[in-house]
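Enquirer: Going down the list, the protein sequences come from chains A and B. Numbered per my numbering, the first sequence spans residues 1 to 553. Numbered per my numbering, the second sequence spans residues 554 to 745.
One should not assume that every hint holds.
To spell it out: a stretch of chain A is covered by chain B in this simulated footprint if at least three of its residues, at any positions, have a beta carbon under 8 Å from a beta carbon of chain B; those stretches are [said to hold, decoys possible]:
#1 176-189
#2 427-434
Within a straight-line C-alpha distance of at most 27 Å, the following computed DSS-like cross-link-like pairs (lysine-lysine) qualify [as the list claims (entries may be wrong)]:
#3 Lys126/A x Lys296/A
#4 Lys619/B x Lys2/A
#5 Lys555/B x Lys283/A
#6 Lys299/A x Lys339/A
#7 Lys367/A x Lys619/B
These are computed hints drawn from the structure, not numbers from a lab. Just so it is clear, the structure is predicted and the values come from calculations on it, not from any experiment. For every residue, glycine included, the Cβ atom is placed at its ideal position computed from N, Cα and C.
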Amino acid sequence: MKKLLLGDEAVALGAIYAGLSGVYAYPGTPSTEITEFIQNNPLARERGIRSRWCTNEKTAMEAALGMSYAGKRALVCMKHVGMNVCADAFVNSAITGVNGGLVVLAADDPSMHSSQNEQDSRFYGKFAMIPIFEPSTQQEAFCMMSEAFELSEKLGEPVLFRVVTRLAHSRAAVEIGGLKDQNEFNPATGKGWILLPGIARRQYVSLIGKQEAMAEAAEESEHNRLEEIPDQVGDDGRKIGDDRREVGDDRREVGDDKKAGCAPLGVIACGIAYNYVSEAGAKNVLKVSQYPLPVKKIKELAARSQNILVVEDGQPVVEQDVKAILGADYKIEGRLTGKLPRTGELNPDNVAAALGIAPGQGFAPAKNLAARPPQLCPGCGHRDVYNALNKVAAEYPGARIFGDIGCYTLGALPPFQSLSSCVDMGASITMAKGAADAGLFPAIAIIGDSTFTHSGMTGLLDAVNDHSNITVVISDNLTTAMTGGQDSAGTSKFEAICLGLGVEPEHLHVVNPIAPNMEAITAIIRKEIEYDGVSVIIPRRECMQTLRRHSKK
Amino acid sequence: MKTDIILCGVGGQGILSIATVIGEAATQAGLNLKQAEVHGMSQRGGDVQSDLRLSTDPIHSDLIPKGHADLIISMEPMEALRYIPFLDADGTIVTSSKPFVNIPDYPDAEAVLAELDSLPHVHKFDIESLAREAGNPKGANMALLGMAARFMGILSAQQLRDAIGRIFAAKGDAIVEANCKCFDLGYGLQTD
């Protein structure tokens with residue numbers, strides 16, 4: 001059976017077919033569609049796969065580890081920066097090891113289409129010392145999910161599954177099959193899960209001991225494929241590839257770039273880079289889709305090549321490792337040497353250029369062109385909130401509004417230009433607090449409802465305990481809007497949460513951000529700025545996108 | 554045989570629905586297909602684009618290399634211009650002629666249309682008015698698809714029309730009929 005699927009959907013269906021029992025995730029582009037697919041899939045429903053959104057990536061990671069503890073297969077999904085949020089649990093899950101298979105999916109966003117950085121999650125996999133899968137195609141994504149769960153259970157370790165935007169959000173036909181049963185309930189019994197120092201030390205030694213098996217699995221993996229070079233005739237009339245030498249062969253002279261019988265260029269192509277390399281028609285390629293790196297295959301490629309180009313989307317993770325494997329005398333090019341751009345995603349053009357292929361001839365860029373950045377929807381409640389904030393802030397020359405992650409980050413752009421910062425989930429409240437501690441007045445934070453429960457509550461508690469002079473605006477549109485309108489963990493609980501954290505009732509206000517209320521809202525903001533302590537104002541009005549969907553039903 | 558298509562417009566104009574219909578038609582026809590979309594932040598009123606590659610042979614890259622697109626299908630004239638570096642020297646542009654102005658620095662509309670006209674194979678029409686007059690303002694994207702059907706090469710108009718039926722079937726016969734009508738009107742246009 002063939003189905004047209006997004007890369008994310010292929011991952012999701014692959015996990016369902018692999019016998020998944022639960023997916024745990026917080027929405028984040030480009031990973032969101034994985035969990036949404038499972039939530040809406042009839043087979044997943046029939047199998048009772050747990051799929052509700054989590055409050056943040058850390059709660060997701062820990063809950064998935066708990067499901068693994070109980071013997072079942074669990075999947076955690078997040079965008080790359082979510083790995084930072086769950087890093088504590090993630091790294092330690094490699095120390096405890098797993099019982100039921102545990103796959104951690106990180107969707108990286110090179111070029112930052114919808115992100116604050118382009119960190120490469122493969123560093124996290126190396127850091128935690130666990131295997132990484134990195135599919136090249138939607139089909140591979142589907143098939144690999146099952147293998148990832150099997151390897152996880154075989155090794156007793158979590159497996160990291162890395163995709164990038166251009167796979168996550170690209171569709172292709174995928175052959176579906178190989179449905180597996182879900183695991184039986186079978187809780188773990190050992191003491192290895194209790195990471196007291198004495199036990200953790202033993203567990204760490206055990207993790208180190210598994211490295212060889214991980215390396216062997218990658219070496220034997222069909223996803224790490226050294227392609228046969230078609231018969232070619234070299235400069236000296238011999239068939240290329242005839243003369244396979246071992247790396248370190250001392251007959252080879254350093255700097256000799258006319259090695260007899262060698263193909264001029266060997267290419268290591270990781271994940272979707274393989275597609276661009278194939279598009280350009282490169283020969284003599286090692287496709288890498290499973291880590292740790294297949295060292296033998298890399299040495300074999302090096303022996304039959306004069307130099308190596310490493311093509312990888314994201315940061316130069318493999319390029320650095322290949323340098324370490326082959327030594328300083330072997331010429332290796334990639335993002336670090338400038339052969340490929342140091343930042344931004346790969347595409348068929350920059351990869352072809354690195355392979356020495358002349359660029360395609362298109363038309364020159366148009367003259368009558370302007371950038372069209374995204375903007376807040378017409379009628380969006382955040383618009384009214386910014387109108388009110390700007391009006392009051394204009395009365396205070398020292399005012400700063402610290403922003404956060406969500407649709408309302410667009411308040412940084414014209415026509416509002418309200419924000420002074422946007423760093424990470426929750427940083428609005430804590431940065432306002434720190435700035436207020438330093439004497440900044442008025443320090444205003446604006447944060448969305450979903451971001452507040454994700455990472456804003458603890459910062460608010462700090463501010464309350466410190467009696468910091470900040471005004472917090474929780475702009476509540478009753479959904480996680482930026483990623484397409486997923487359920488928001490705190491809906492209908494915000495007043496109770498704030499009061500519970502110690503916000504004084506007289507300094508907690510809920511308002512309806514519509515134009516006729518503008519005067520009342522600005523009066524409240526003004527009053528609370530003047531209050532020396534923590535105030536919370538909650539403008540609450542449904543997101544226009546979800547409102548439209550709800551009114552259709 | 555291959556057809557590389559760039560679909561573009563402004564978030565909310567129904568670009569991804571066009572992609573879905575072409576994808577369905579291609580899958581039914583047994584063609585290979587890759588379709589890269591942009592989700593997330595850019596869907597909020599910003600420029601939206603999708604690379605759609607159809608081929609009888611296997612397709613490697615999800616993205617279209619520069620100078621390789623056979624067809625640009627655009628819901629907005631300036632957005633069509635944005636992607637001309639990807640258009641083949643002999644490629645075709647099918648676009649709405651009606652500027653969507655939601656930015657303060659939108660270039661002179663006459664200049665945008667004139668620059669389009671300076672390119673070799675450009676077909677533009679006010680599909681929004683066409684769809685509105687047909688009583689289905691939301692069908693502008695299907696009218697545009699109808700216009701583009703003449704230049705698709707690898708898929709026939711009938712295959713695309715059938716795909717509209719399957720994609721919108723869940724929304725009822727009236728929606729299918731209205732969308733097919735817009736498609737037919739677009740297909741029937743003799744644009745220059």
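Enquirer: Given the proposed pairing of Lys555/B with Lys283/A, does the C-alpha separation stay at or below 27 Å?
Expert: holds, 23 Å
Enquirer: Given the proposed pairing of Lys367/A with Lys619/B, does the C-alpha separation stay at or below 27 Å?
Expert: Holds, at about 18 Å.
Enquirer: Does the region 176-189 of chain A contain three or more residues whose Cβ lies closer than 8 Å to a Cβ of chain B?
Expert: violated (count 0)
Enquirer: Between the alpha carbons of Lys299/A and Lys339/A, is the straight-line distance 27 Å or under?
Expert: Satisfied, since the Cα-Cα distance of roughly 21 Å is no more than 27 Å.
Enquirer: Starting from Lys126/A, check that the Cα of Lys296/A is at most 27 Å away, please.
Expert: Cα-Cα ~18 Å, so holds.
Enquirer: Three residues minimum, CB to CB under 8 Å: does the region 427-434 of chain A make the cut for coverage by chain B? Let me know.
Expert: violated (count 0)
Enquirer: Mind checking the alpha carbons of Lys619/B and Lys2/A for me, to see if they're no more than 27 Å apart?
Expert: Distance ~30 Å between Lys619/B and Lys2/A Cα, so the pair is violated.
Hints 1, 2 and 4 from the list above are not met by this structure, while the remaining hints are.
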